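Q: Residues per chain, in single letters:
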Amino acid sequence: MEVVLALLVGILVAASVYLMLGRNLLRFVFGLVLLSNAANLTIFASGRLVRANPPLVPDGLSAPPEIVANALPQALILTAIVIGFGLLAFALALMLRAYRTLGTLNSDDMRDAEPLPEPAEPTAGGDRTS
Amino acid sequence: MSWYLFLPIALPFVTAVICFLIRRCGSAGRWISVAGSALLLAISVALMGQVWSQGVVAGQMGGWDAPFGITLVADLLSAVMVVITAITGLAVSVYALIDIDSRREKLGYHALFQVLLAGVCGAFLTGDLFNMYVWFEVMLIASFGLLALGAERAQIDGAVKYVALNLVSTVIFLSAIGLLYGMTGTLNLADLHHAVDGVENKGLLTVVAVLFMVAFGIKAAVFPLFFWLPASYHTPPVAISAVFAGLLTKVGVYAMMRMFTLVFTHDVAYTHGLLLVVAGLTMVTGVLGAAAQSDIRKILSFHIVSQIGYMIMGLALYTPLALVGAVFYLVHHIVVKANLFLVAGVAKRLTGSFELSDIGGLYRASPLLAVLFLIPAFSLAGFPPLSGFWAKFLLIKASLDIGSYAIAATALVVGLLTVYSMTKIWTEAFWKPHPDGAEPALSMLDGRTRAALLLPIAALAAMTITIGFFPEPFVAFAERAAVQLMEPDEYIRAVTGAAS
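For the protein sequence lines, the chains are A and B, in the order given. What the first sequence shows, in my numbering, is residues 1 to 130, in sequence order. What the second sequence shows, in my numbering, is residues 131 to 630, in sequence order.
Note that these hints are calculated values from the structure, not bench results. Remember, predicted model here, so these are calculated numbers, not experimental data. Ideal placement from N, C-alpha and C gives every residue a C-beta, glycine not left out. Possibly wrong hints are sitting among the right ones.
[Said to hold, decoys possible] Selected chain A positions facing chain B (in silico; Cβ < 10 Å):
hint : residue
1    : Val9
2    : Gly10
3    : Arg23
4    : Leu41
5    : Val50
6    : Arg51
7    : Asn53
8    : Ile83
9    : Arg97
10   : Thr101
11   : Arg111
[What the hints assert, rightly or not] Label pairs and their computed distance ranges (CB to CB):
hint : chain 1 : residue 1 : chain 2 : residue 2 : range
12   : A       : Asn24     : B       : Val407    : 28 to 38 Å
13   : B       : Val549    : A       : Leu116    : 46 to 56 Å
14   : B       : Trp161    : A       : Val57     : 48 to 58 Å
15   : B       : Gly185    : A       : Ala69     : 45 to 55 Å
16   : A       : Leu88     : B       : Ala536    : 35 to 45 Å
17   : B       : Arg233    : A       : Arg100    : 51 to 61 Å
18   : A       : Arg97     : B       : Val337    : 50 to 60 Å
19   : A       : Gln74     : B       : Thr596    : 14 to 24 Å
20   : A       : Leu116    : B       : Leu411    : 48 to 58 Å
21   : B       : Asn331    : A       : Leu7      : 45 to 55 Å
22   : B       : Leu418    : A       : Asn106    : 47 to 57 Å
23   : B       : Leu334    : A       : Ile11     : 52 to 62 Å
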């Protein structure tokens, strides 16, 4: 079961990296969604997958009578999902705002914060990073 | 449970709620923000006093003992970081009385600012790895809001890059937490110190260590992960840039210092060796990037990157003296960097631009402002007797002591190149006449504006001078903090001992 989950995480990360390397910011956000899900599954697999009882303590006892599943990873994932949801919602809203304000979602065309230097004379190579 | 530990996190949240509720009621929110920051400073000084006299202070939240519950813990490093956060918060909130326009106030600037302080304090005080992730997120979402607030074109552009790269860092951080938990079965930092000894596959542990290094490296803006910083820090108003420049990257540095002294010390030759290379490259790329810029804020942004290299260098050398230098540098840098951004804001107000070729004549306009610029600028470059000199002196002495001549030489050359950038700002903005023939003067600003803008700058400059002329107590303090980092027994005893 761990192997299946590990493969799934691998596929999710590969797909998300592919999406995030694109220039379109919407693809980037989708890649981020996949990546955060991959991280959640990683935590899930780290907590060990076993066939065990739910971690419930019956009335009158102070500890569960038999081996129970680890509840902590689920608590962590739940927190991470909530936080991730908030951040992704913000990211999506920001991308929408960027599209309306800047008129593009192509990250190569977003040069408002760091405008390219005016080409004084045509030079070979065309450095786009400065 | 010590209330001192809890209040630096709770108080900014309370201030934030009040500021949010009254954000449309004129100027009241500003003053509440200032009052909240001042109260935070008082509490954090009290916390520092307690840690100084009693040693490491720890408290278990919700009555669950460590390592099961969430622990808040303050050693000297955490305590001094909280104090310096409060000082920066207070200085910037006074500056923001004038600098933030009413439109941004109505959108909730003061509330977001206080949430940011709460997140930063939380990250410094937590003793639990997952909890640290949560505080990083609190800090992050507040900084997203502040960066995009007002939604000018450049701001949105900068925010896209900032948000994208920081979210990637967040996911890497989360995955690393999951993997470390899978190997050790605990998330409590003090507990992890012993738990990592039980991990058989040390290679896997090193992989996770490098994952943490990348995650914190993006936050701290080290080479080659710093590109979001110069793309975004110059876009918002100065009162936002200054607090970002002072605090945010330093949270990444702090987290790295914590993890790579308390948890990942199993293979120092590899992990800290890697950090040393990163530190050198960070210093050099940052300072060269700054040399190529002509906007004051961009020059200062690149210098943040370059200075982060010095702090990582102190951690990477991993000797007691080097950590003394790193702690000293951290404190000195926050004060100086926030101050330089505040000075840049006044320069823009007087001359109308941040672009060096479009401005000038500031020395004639105000010799006082010129002096207030020179103090943090020369301190940044490491001129004696200012605070930056002692910080660099400690680090370079530490590297010479163990024969790391290459990094010592790099640090010295980068210091020299820093002088180049600072003199560039000096000659262009202060010395040469204004290109339009305009003669800016400090009297262009009315008395209240002048007071609100210059008071925090003068206070921070006074701190720089104090550290510079009387370094003895500060070095003694940093020495004790470094001992706590190098020998974490006291930290661990405070956390696990508090459980019994």
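Q: Hint by hint, note whether the structure agrees.
A: Comparing the hints with the structure gives:
no.: 1; hint: Val9; result: holds (9 Å)
no.: 2; hint: Gly10; result: violated (12 Å)
no.: 3; hint: Arg23; result: violated (12 Å)
no.: 4; hint: Leu41; result: holds (9 Å)
no.: 5; hint: Val50; result: violated (13 Å)
no.: 6; hint: Arg51; result: violated (18 Å)
no.: 7; hint: Asn53; result: violated (19 Å)
no.: 8; hint: Ile83; result: holds (5 Å)
no.: 9; hint: Arg97; result: holds (6 Å)
no.: 10; hint: Thr101; result: holds (5 Å)
no.: 11; hint: Arg111; result: holds (7 Å)
no.: 12; hint: Asn24(A) x Val407(B): 28 to 38 Å; result: holds (35 Å)
no.: 13; hint: Val549(B) x Leu116(A): 46 to 56 Å; result: violated (29 Å)
no.: 14; hint: Trp161(B) x Val57(A): 48 to 58 Å; result: holds (51 Å)
no.: 15; hint: Gly185(B) x Ala69(A): 45 to 55 Å; result: violated (39 Å)
no.: 16; hint: Leu88(A) x Ala536(B): 35 to 45 Å; result: holds (43 Å)
no.: 17; hint: Arg233(B) x Arg100(A): 51 to 61 Å; result: violated (18 Å)
no.: 18; hint: Arg97(A) x Val337(B): 50 to 60 Å; result: violated (38 Å)
no.: 19; hint: Gln74(A) x Thr596(B): 14 to 24 Å; result: violated (51 Å)
no.: 20; hint: Leu116(A) x Leu411(B): 48 to 58 Å; result: violated (25 Å)
no.: 21; hint: Asn331(B) x Leu7(A): 45 to 55 Å; result: violated (20 Å)
no.: 22; hint: Leu418(B) x Asn106(A): 47 to 57 Å; result: violated (29 Å)
no.: 23; hint: Leu334(B) x Ile11(A): 52 to 62 Å; result: violated (22 Å)
Violated hints, in rising order: 2, 3, 5, 6, 7, 13, 15, 17, 18, 19, 20, 21, 22 and 23; the structure is consistent with all others.
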